[in-house]
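Visitor: Sequence:
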Amino acid sequence: MVFRHLAALGMAGLIVVAASPAHADIYRCKRKDGTHHYTNIREPGRGCQLVVRSSKRSRAATSAKKQRATRSRASGARSKDPARYSRYSSLIDEAAQLYQLPHSFIRAVMRVESDFNPQVVSRAGAMGLMQLMPKTARSMGVSDPFDARQNILGGARYLRILANRFKGDLVLTVAAYNAGEGAVQKHHGIPPYKETQRYVRRVLKHYYAYRGGTTP
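Using my numbering, read the sequence shown as starting at 5 and increasing by one per residue.
Honestly, I wouldn't trust all of these hints.
[As the list claims (entries may be wrong)] Straight-line C-alpha distance at most 27 Å; calculated DSS-like pairs for lysine-lysine:
| hint | residue 1 | residue 2 |
| --- | --- | --- |
| 1 | K139 | K171 |
| 2 | K209 | K198 |
| 3 | K34 | K139 |
| 4 | K36 | K139 |
| 5 | K190 | K209 |
| 6 | K198 | K171 |
The set of hints was computed from the structure by calculation and includes no laboratory data.
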């Protein structure tokens, strides 16, 4: 069954960059103008600091302070604080209005991606509330993926692009957010990946619950 709850909206000039880093180390690098951004590529001469080390690489070079910071970002993934479910409502409203997406849809994706933890980092290196990979974050204009507003707006922008790409098909949009638009195009639908199929079911479950007024 095809769901079409997302109306198409022209977004000329937006470019989607596939996020498939060679490894999951995350660096915080300084730009020439003094601002910082997060990336999975260490940039020479940019004063890059390792903030998340891939579990597949040696941890010997990571200081105890950085290890504690990394653990603290991941430790709150299953926080029991119920206030987190409503903490970002105004930011979700802003993103929903800006990118013409249902509030309940953005909230459902966030629930499944991070359980409303703004500091969580996945094993693959996805960061923050909407679990943005470094390349995706950069392409969506997100300089600090641990900033709640930037992350939500970046994730919503990417969802809007995917919704346009798949002509408003909610199911394919969700599948592409998880598995990548290339995988959805290749399989002409939801890819035959158990993780993606489960992900789509979970997002849709929360979406319809939120749309019907069920919380959290």
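Visitor: Hey, K209 versus K198, does the alpha-carbon distance stay inside 27 Å?
Guide: Holds - the C-alpha atoms of K198 and K209 are around 16 Å apart, at most 27 Å.
Visitor: With the threshold set at 27 Å, check whether the alpha-carbon distance from K34 to K139 stays at or below it.
Guide: 16 Å, holds
Visitor: Compare the distance between the alpha carbons of K139 and K171 with 27 Å, and conclude whether the hinted pair is satisfied.
Guide: 24 Å, holds
Visitor: Can the restraint linking K36 and K139 be considered satisfied, given a maximum Cα separation of 27 Å?
Guide: 19 Å, holds
Visitor: Take the C-alpha atoms of K198 and K171, compute the straight-line distance between them, and say whether it is at most 27 Å.
Guide: 24 Å, holds
Visitor: Is K190 within 27 Å of K209, Cα to Cα?
Guide: At roughly 25 Å apart (the allowed maximum being 27 Å), K209 and K190 satisfy the hint.
Figure legend: structure checked against the earlier numbered hints; every hint is met.
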